[in-house]
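Residue numbers (the numbering used here), protein chains in the order written: chain A, 1 to 252; chain B, 1 to 293; chain C, 1 to 362.
Since the hints were made in silico from the structure, they are not lab data.
These numbers were taken from a predicted model, which means no experiment stands behind them.
No incorrect hints appear here.
Covered by chain C, per the in silico footprint, the following chain A stretches (three or more residues, Cβ under 8 Å):
#, stretch
1, 77-86
2, 116-122
3, 162-170
Chain C side only, calculated, beta carbon under 7 Å to chain A, not exhaustive:
#, residue
4, Ile210
5, Asn213
6, Ser217
7, Arg218
8, Thr219
9, Arg221
10, Ala222
11, Met224
12, Asp228
13, Glu234
14, Ser235
15, Ile246
All C-beta atoms in this analysis are idealised placements derived from N, C-alpha and C, irrespective of residue type, glycine included.
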Amino acid sequence: MALLETKNLGISFGGLRAVNAFDISVEKGQLYGLIGPNGAGKTTIFNLLTGVYTPDEGAILLDGVNLTGKKTIDICKAGIARTFQNIRLFGDMPVLDNVKVGLHNHYPYSTFEGILRLPRYHKVEKEMNARAMELLEVFGLEEYADYQAENLPYGQQRKLEIARAMATNPKLLLLDEPAAGMNPNETRELMETIRFVRDRFEMTILLIEHDMKLVAGICEKLTVLNFGEVLAQGETQEVLNNPDVITAYLGS
Amino acid sequence: MSFVAHLINGISLGSVYALIALGYTMVYGIAKMLNFAHGDVIMIGGYVVFVTASGLGINPLAAIIVSMAACTVLGVTIERVAYRPLRGASPLAVLITAIGVSYLLQNVALLVFGSDTKAFSNVVTLPNLELFGGQLIIKSVTIVTVIVSIIIMVGLTFFVRKTKIGRAMTAVSEDQGAAQLMGINVNGTIAVTFAIGSSLAAVAGVLLCSAYPSLTPYTGSMPGIKAFVAAVFGGIGSIPGAFIGGILLGVIENLSKAYISSQLADAIVFSILIIVLLVKPTGLLGRKVLEKV
Amino acid sequence: MDMEIKGNKAKLSKTTMNDLVTYEMVILTYIVVQILVSTGHVSSLIQGLLVPFCTYVIVAVALNLTVGILGELSLGHAGFMCVGAFASAVFSLAFKDALPGGLRFFLALLIGAAAAALVGFLVGIPVLRLRGDYLAIVTLAFGEIIKNIINVLYLGVDSKGVHFSMKDALSLHLEEDGVMLIKGAQGVTGTPNDSNFTVGVILILVTLFIVLNFIHSRTGRAVMSIRDNRIAAESVGINVTKYKLIAFTVSASLAGVAGVLYAHNLSTLNALPKNFGYNMSIMILVFVVLGGIGNIRGSIIAAVLLTLLPEVLRGLSDYRMLIYSIVLIVMMIFNWSPNAIFFRKRLKQKFLPGRKAAKEEA
Numbered sequence: 001m002a003l004l005e006t007k008n009l010g011i012s013f014g015g016l017r018a019v020n021a022f023d024i025s026v027e028k029g030q031l032y033g034l035i036g037p038n039g040a041g042k043t044t045i046f047n048l049l050t051g052v053y054t055p056d057e058g059a060i061l062l063d064g065v066n067l068t069g070k071k072t073i074d075i076c077k078a079g080i081a082r083t084f085q086n087i088r089l090f091g092d093m094p095v096l097d098n099v100k101v102g103l104h105n106h107y108p109y110s111t112f113e114g115i116l117r118l119p120r121y122h123k124v125e126k127e128m129n130a131r132a133m134e135l136l137e138v139f140g141l142e143e144y145a146d147y148q149a150e151n152l153p154y155g156q157q158r159k160l161e162i163a164r165a166m167a168t169n170p171k172l173l174l175l176d177e178p179a180a181g182m183n184p185n186e187t188r189e190l191m192e193t194i195r196f197v198r199d200r201f202e203m204t205i206l207l208i209e210h211d212m213k214l215v216a217g218i219c220e221k222l223t224v225l226n227f228g229e230v231l232a233q234g235e236t237q238e239v240l241n242n243p244d245v246i247t248a249y250l251g252s
Numbered sequence: 001m002s003f004v005a006h007l008i009n010g011i012s013l014g015s016v017y018a019l020i021a022l023g024y025t026m027v028y029g030i031a032k033m034l035n036f037a038h039g040d041v042i043m044i045g046g047y048v049v050f051v052t053a054s055g056l057g058i059n060p061l062a063a064i065i066v067s068m069a070a071c072t073v074l075g076v077t078i079e080r081v082a083y084r085p086l087r088g089a090s091p092l093a094v095l096i097t098a099i100g101v102s103y104l105l106q107n108v109a110l111l112v113f114g115s116d117t118k119a120f121s122n123v124v125t126l127p128n129l130e131l132f133g134g135q136l137i138i139k140s141v142t143i144v145t146v147i148v149s150i151i152i153m154v155g156l157t158f159f160v161r162k163t164k165i166g167r168a169m170t171a172v173s174e175d176q177g178a179a180q181l182m183g184i185n186v187n188g189t190i191a192v193t194f195a196i197g198s199s200l201a202a203v204a205g206v207l208l209c210s211a212y213p214s215l216t217p218y219t220g221s222m223p224g225i226k227a228f229v230a231a232v233f234g235g236i237g238s239i240p241g242a243f244i245g246g247i248l249l250g251v252i253e254n255l256s257k258a259y260i261s262s263q264l265a266d267a268i269v270f271s272i273l274i275i276v277l278l279v280k281p282t283g284l285l286g287r288k289v290l291e292k293v
Numbered sequence: 001m002d003m004e005i006k007g008n009k010a011k012l013s014k015t016t017m018n019d020l021v022t023y024e025m026v027i028l029t030y031i032v033v034q035i036l037v038s039t040g041h042v043s044s045l046i047q048g049l050l051v052p053f054c055t056y057v058i059v060a061v062a063l064n065l066t067v068g069i070l071g072e073l074s075l076g077h078a079g080f081m082c083v084g085a086f087a088s089a090v091f092s093l094a095f096k097d098a099l100p101g102g103l104r105f106f107l108a109l110l111i112g113a114a115a116a117a118l119v120g121f122l123v124g125i126p127v128l129r130l131r132g133d134y135l136a137i138v139t140l141a142f143g144e145i146i147k148n149i150i151n152v153l154y155l156g157v158d159s160k161g162v163h164f165s166m167k168d169a170l171s172l173h174l175e176e177d178g179v180m181l182i183k184g185a186q187g188v189t190g191t192p193n194d195s196n197f198t199v200g201v202i203l204i205l206v207t208l209f210i211v212l213n214f215i216h217s218r219t220g221r222a223v224m225s226i227r228d229n230r231i232a233a234e235s236v237g238i239n240v241t242k243y244k245l246i247a248f249t250v251s252a253s254l255a256g257v258a259g260v261l262y263a264h265n266l267s268t269l270n271a272l273p274k275n276f277g278y279n280m281s282i283m284i285l286v287f288v289v290l291g292g293i294g295n296i297r298g299s300i301i302a303a304v305l306l307t308l309l310p311e312v313l314r315g316l317s318d319y320r321m322l323i324y325s326i327v328l329i330v331m332m333i334f335n336w337s338p339n340a341i342f343f344r345k346r347l348k349q350k351f352l353p354g355r356k357a358a359k360e361e362a
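Using the sequences plus the hints, can you model the full thing?
Now the structure itself:
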């Protein structure tokens with residue numbers, strides 16, 4: 001059974017059909033790419049998957065559980081985590097705390113215990129710090145732990161966003177244009193990080209990307225979106241050689 | 001008949017709120033700041049008329065024009081000295097500065113005019129309107145207030161929609177950066193907005209003091225807050241919204257005073273504001289702004 | 001592995017150190033003031049202001065929790081103070097002879113804090129859905145409503161129980177043995193004078209303990225994440241409504257504590273525009289903004305200095321509030337204007353090049 005499955009997903013804004021009859025099936029452990037020209041509806045699909053928008057029709061299934069119409073935080077708890085096209089960090093907070101917010105629901109103690117600093121506060125905080133540092137290390141960010149998140153270099157901010165998403169312990173990771181604004185070196189490094197995350201955590205990753213090199217380099221399967229509809233779907237090389245896709249990207 | 005009288009008084013008070021609210025809403029819409037000192041500009045406008053008309057014996061109409069000119073200069077000066085240096089700073093910093101300006105104006109008035117209440121003589125000397133054989137008397141100042149505020153509201157709407165400066169204001173309110181790139185003088189446009197808002201404040205001050213003839217350095221404070229509530233009520237940034245919000249506020253306040261409790265009138269006004277905002281978080285005519293994810 | 005644990009410890013102790021400095025500052029100030037008072041160096045005028053200082057400090061710290069940590073603008077904190085003040089004053093008056101002073105004040109504190117927390121919670125449910133300036137104006141409205149209602153409230157107690165009315169004293173129909181607790185606009189009279197400077201400083205320390213520990217806890221991080229980016233906070237599973245409400249309620253209840261302190265320092269308690277109106281809320285906001293948004297120590301310093309300023313300027317009589325307002329405007333422009341910030345940076349570079357380099361290295 002596929003980890004993520006959507007059936008006939010659709011949403012309109014006013015008269016505009018932003019996404020129509022969207023079907024996708026992502027297997028566990030897959031690195032799956034979602035591509036398409038600007039305005040094709042890619043980010044809208046992410047927003048539908050994470051409950052930012054409620055679909056007008058269709059269903060979203062994660063591991064067989066129906067998530068359609070659920071709220072963002074419940075979807076997060078069910079196991080979908082994401083990053084954002086325009087980076088959304090907790091800018092005034094330290095890098096370490098950004099990850100600790102991601103760990104929030106897995107390391108509970110009450111507000112009361114926190115204010116009085118009861119034993120559980122010390123115990124859980126210690127565990128949280130250790131876990132957060134572990135994640136920062138995975139992304140090579142440990143030396144920045146004390147930095148304010150907004151003072152990080154751009155590439156590191158993207159990585160921190162992924163680290164924060166991973167902290168929620170997801171089953172599925174959604175990456176929205178992770179390479180946007182990066183130079184070729186940073187992109188190459190990012191590709192390795194993504195592959196590493198997949199291998200180390202046996203993570204399933206769905207990513208939106210414009211950088212064809214990155215997509216061709218790491219994605220096993222692709223879905224191409226155009227004007228809110230699926231234009232092509234299948235193995236990466238197959239899809240990239242599809243004449244319809246070439247037309248959509250380069251014009252006829 | 002007394003209900004009609006209360007209603008008319010409410011509309012009259014509401015028209016004053018509407019005039020003040022127009023100033024609030026324009027400045028908020030364009031400069032994106034709460035000009036807390038706006039109410040105190042009204043008070044200054046009142047004092048200028050008091051000094052020129054009652055003190056120097058100038059014709060009331062001329063006194064109003066002097067007052068409008070004085071308030072315009074005052075408004076533009078405040079903007080230039082206190083607010084413009086903070087363009088681009090946190091909105092909270094601008095808000096606190098505006099509060100500082102409000103204190104400043106109150107204390108200047110206190111020093112110059114003293115804390116005693118000045119009896120303001122009505123500048124509207126037309127005869128009152130008597131209806132139903134004298135059963136219902138509508139004061140001339142009421143009629144003038146309502147008419148003036150309607151004219152100003154319509155005029156402003158026209159000005160913003162049709163003139164070049166008005167369209168520049170709309171552009172600046174949408175996106176300051178983009179407006180600047182399109183060659184609009186953002187600072188100049190904001191200064192014009194302050195000039196208009198402040199000259200309206202002078203008119204509001206005169207009408208307020210004519211209807212409620214007592215003038216102290218704190219006269220503008222509460223009407224200023226109420227007018228701000230009216231602007232939010234109608235949907236802040238919207239000119240017709242400010243007008244409707246002002247009228248409604250005045251009517252609700254006067255009817256509550258007459259029929260429920262004069263002490264609780266403010267509480268009732270504020271409760272209705274809260275209910276409106278909960279049902280329609282951007283006010284009656286406000287636009288909804290969606291955050292892009 | 002060793003390295004990173006060390007790094008963590010260093011960081012933890014850095015924030016802890018920072019908090020300790022704040023506590024120390026309060027305690028040291030207390031000791032110095034006590035010495036000055038006992039050696040007769042403090043005028044009776046300033047001595048009378050010591051408890052109000054503590055009140056303002058507490059409510060400023062409380063408001064900073066809402067403005068700086070939660071990131072929402074409240075103009076209604078004087079209203080929460082008002083609720084705490086009246087709830088506790090009524091309690092203390094009713095049990096004036098029944099309970100010993102210390103226990104009575106402690107219970108009054110709990111009651112004042114709980115009443116303000118309850119009102120904060122109830123106000124917060126609808127209000128926190130709004131954003132920015134709308135939230136500010138609605139909190140202002142709530143503050144005014146609270147003040148208005150208390151001004152028409154009559155409350156009395158007799159052998160038959162508690163009576164209340166919103167009309168006048170007579171409609172309470174009190175028995176002969178009845179006692180009036182709240183007399184409408186005349187407020188509460190005869191509250192036992194349980195506050196003093198020492199109690200005030202203890203309450204400041206308690207408030208600091210609650211607020212600073214709150215900020216550095218899991219809950220505080222959740223609240224700050226909402227402030228920094230609501231959408232991202234939701235995406236990692238933070239319950240936005242819940243944490244906003246928690247922060248707002250804690251903030252309101254601490255404002256209530258300030259109200260308790262205030263009420264037990266006066267023999268007559270009235271809800272006037274001056275003490276519980278929007279002007280008071282604004283004054284508290286001025287403390288918070290000038291002290292630095294989110295900077296707890298700054299709020300304390302600003303609250304004390306700005307309350308002291310008009311008193312220091314008292315010799316200038318009529319000009320003092322004028323000077324106060326000019327100082328306020330100039331300080332805001334100096335602190336916040338983008339040009340002024342740039343100018344200060346340039347000055348630093350010019351005159352303190354060594355220090356800047358050292359800072360960058362660190």
